[in-house]
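S.K.: One letter stands for each residue in the lines below.
There are 2 protein chains.
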Amino acid sequence: MNEKLFANRMGTTHKSFIREILKVTEDPKIISFAGGLPNPKFFPVKEIANASLKVLEENGENVLQYSTTEGYLPLREYIAERYRKKNGLKVDPDEILITNGSQQGIDLIGKIFLDKGDQIVIERPGYLGAIQAFSMYEPIFQSIPLLDDGIDTDLLERTFRGNRIKLFYAVPNFQNPSGITYSRQRRRDVANILKKHDAIFVEDDPYGKLRFIGEDLPSIRAYLEDNIILLGSFSKIITPGLRLGWVCAKKDIMERIIVAKQASDLHSNYLSQRIVYQYLIDNDIDKHILKIRDAYKKRRDLMVSMIAEYFPEEIKYTKPEGGMFLWITLPEGISSLDLFDLAIKENVAFVPEKSILC
Amino acid sequence: MNEKLFANRMGTTHKSFIREILKVTEDPKIISFAGGLPNPKFFPVKEIANASLKVLEENGENVLQYSTTEGYLPLREYIAERYRKKNGLKVDPDEILITNGSQQGIDLIGKIFLDKGDQIVIERPGYLGAIQAFSMYEPIFQSIPLLDDGIDTDLLERTFRGNRIKLFYAVPNFQNPSGITYSRQRRRDVANILKKHDAIFVEDDPYGKLRFIGEDLPSIRAYLEDNIILLGSFSKIITPGLRLGWVCAKKDIMERIIVAKQASDLHSNYLSQRIVYQYLIDNDIDKHILKIRDAYKKRRDLMVSMIAEYFPEEIKYTKPEGGMFLWITLPEGISSLDLFDLAIKENVAFVPEKSILC
Chain A
412 MNEKLFANRM GTTHKSFIRE ILKVTEDPKI ISFAGGLPNP KFFPVKEIAN ASLKVLEENG
472 ENVLQYSTTE GYLPLREYIA ERYRKKNGLK VDPDEILITN GSQQGIDLIG KIFLDKGDQI
532 VIERPGYLGA IQAFSMYEPI FQSIPLLDDG IDTDLLERTF RGNRIKLFYA VPNFQNPSGI
592 TYSRQRRRDV ANILKKHDAI FVEDDPYGKL RFIGEDLPSI RAYLEDNIIL LGSFSKIITP
652 GLRLGWVCAK KDIMERIIVA KQASDLHSNY LSQRIVYQYL IDNDIDKHIL KIRDAYKKRR
712 DLMVSMIAEY FPEEIKYTKP EGGMFLWITL PEGISSLDLF DLAIKENVAF VPEKSILC
Chain B
412 MNEKLFANRM GTTHKSFIRE ILKVTEDPKI ISFAGGLPNP KFFPVKEIAN ASLKVLEENG
472 ENVLQYSTTE GYLPLREYIA ERYRKKNGLK VDPDEILITN GSQQGIDLIG KIFLDKGDQI
532 VIERPGYLGA IQAFSMYEPI FQSIPLLDDG IDTDLLERTF RGNRIKLFYA VPNFQNPSGI
592 TYSRQRRRDV ANILKKHDAI FVEDDPYGKL RFIGEDLPSI RAYLEDNIIL LGSFSKIITP
652 GLRLGWVCAK KDIMERIIVA KQASDLHSNY LSQRIVYQYL IDNDIDKHIL KIRDAYKKRR
712 DLMVSMIAEY FPEEIKYTKP EGGMFLWITL PEGISSLDLF DLAIKENVAF VPEKSILC
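For the record, the sequence lines run as chains A and B.
So for the first sequence, the working numbering puts the first residue at 412; every next one is plus one.
So for the second sequence, the working numbering puts the first residue at 412; every next one is plus one.
Hints listed in this document are in silico derivations from the structure and should not be mistaken for laboratory results.
Careful, some of the hints might be misleading.
Note: identical chains are not told apart, hence a pair may lie in one copy or across any two.
Unchecked claim - Capping the alpha-carbon separation at 16 Å, the derived lysine to aspartate or glutamate pairs in EDC-like fashion look like this: (1) K708 - E626; (2) K440 - E636; (3) K452 - E468; (4) K527 - E549; (5) K708 - D609; (6) K607 - D627; (7) K452 - D563; (8) K765 - D600; (9) K765 - D526; (10) K452 - E764.
The following block holds chain A by itself, in its conformation from the complex (with noise of 0.2 Å):
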């Protein structure tokens, strides 16, 4: 066919380097640091067959109908009150919507700010999902570097000031793919960059409860009330495949998110909110969440000894406090894809920066 029939925006998404990646790793010879997969021994089996048999006896018919573009509401008013709890945030269920994974979310952010030439900053390196979902709305990428302690914020004032900036996409627990947090003190110097500027602040946090070392930090949105939504996500805690997340956000904003929900896909997958409330209400999330932390930090700990032992002394390395990413930074000269090309001879992988700049 003529190619000139795609659409523009066909042209600056570039064959996935990640996705090619992936393909290779799903060789059982390859051994993998590529990729955030949860480990599937600790899903919930059992429990979530229970609570599937569960919905399905007891509202069948009504599980398996159509739904709401919104979400099922008692599971949004879980998370709403979730955030009260743990996080200390003023949140209402009508500011919560389901999506298919956190990924839709960005996408929907994407549908609803972004006109083709708009100015976004993200993190340097950044993560690779938001890249490819905001490049459908063509903007121009602006990425600012991450620190040890979070993202460049001077650089961050510097860059507001210098353009005409509508919208910040950031992961700041654990961050994907480098496992950098920010710090409380570049917490609230972001929030009041937001603040002196007219532009949305998405703070994206699939792994936010998985801290094992160190104090939970508040989230931005303690420091900044408008113009700021939260990304979240049931795949790191429960289970990546029932593609389960939630988009929070002020009313303003939360109305034309419906609006784009129900032009992308109607509503997420109702069974499947059915099954993740009934597991939520029935067992103990926060002791399920305390073992996944557990198992993660043992590897995390060997991950970083290891490199310690074996590692050249020119590497840097960052020591994630929680998540799942470590990110290794070589010495000047050495190129990561040289590197990847080399470590997949003998069977290892892992993400190149190259293959993941906008």
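Fit chain B to the supplied structure of chain A, relying on the hints for placement.
M.R.: Relative to chain A, chain B alone:
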């Protein structure tokens, strides 16, 4: 917040009147002829429960993990095989991608093809969900009336000749909302017009299996090899709450659909894909479809006979050969919106045409 931060596309998407109607119809007092909700009495609740248990017991860790963007391969093979057996179409499993209902298929098509200002053709009256999904990509709509036996192909041809049309979207079987079905000749004519022009044809067919009068007619894909995308759905033959549909397109288009799907939500709900596949191989879906068809035929027959008996003679109405929709045309000068206001006072709801024009 500053309304100007929203993307231009959000200005063109009016608040959905049909959404408001559907809210009204949640009131159990209301007798609703608005919206195409399948009859939940025919949801195979027990069979879905059995399938859920089976996949969770046998492959729990696997079915709850992240999966591929294209969807579960055996399910895609099943769909391709049914196209071969039931429609005589040669379809490869790699030409199928699993979506969150066919609504998401429409959104992905908009995403990969439509730039702002591109011209697309839709039917009049047209399927509201498609209008909403496409609107997000800011095309210019050309709507062409449906005649008793399908779209006005003379006008379609003239429209294609006089304009730079990029895409034509149609529901040739038991169309939503009119209930109209394209005759064999109209299907051939549509294919011939498309062959002469460099444009994409989208054949949306969620209701095709629900024919209760007359013989099945060929898919337009039988007459048109290239530049055609088929959309299908399990919502009307199994259950809509699982949000599973599919896109069928040749490789050149499918490659871009995969990129857009990955950017939108990584992949469709994997547990649901496994449940539906298990349901399909453990049960006789054709027998199940016959049962649904008979039930819808009874309702359609009753509706048609009641209209003949009680409606004034000046009223025109379609006599659908399948599916879930029937369309009334009022005499010149009578407003369907005014009639809606009168009807709702008597606790009866329907979809007025004015509410779905773009």
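S.K.: Run every hint past the structure and note whether it holds.
M.R.: We went through each hint and held it up to the structure:
1. K708 - E626: within (14 Å within a copy, 63 Å between copies)
2. K440 - E636: neither (49 Å within a copy, 41 Å between copies)
3. K452 - E468: between (27 Å within a copy, 14 Å between copies)
4. K527 - E549: Classified as both; 5 Å inside a copy, 12 Å across copies.
5. K708 - D609: neither (39 Å within a copy, 56 Å between copies)
6. K607 - D627: neither (27 Å within a copy, 63 Å between copies)
7. K452 - D563: Neither: 37 Å inside a copy, 58 Å across copies.
8. K765 - D600: neither (29 Å within a copy, 50 Å between copies)
9. K765 - D526: neither (26 Å within a copy, 29 Å between copies)
10. K452 - E764: Result: close neither inside a copy nor across copies, 29 Å intra and 53 Å inter.
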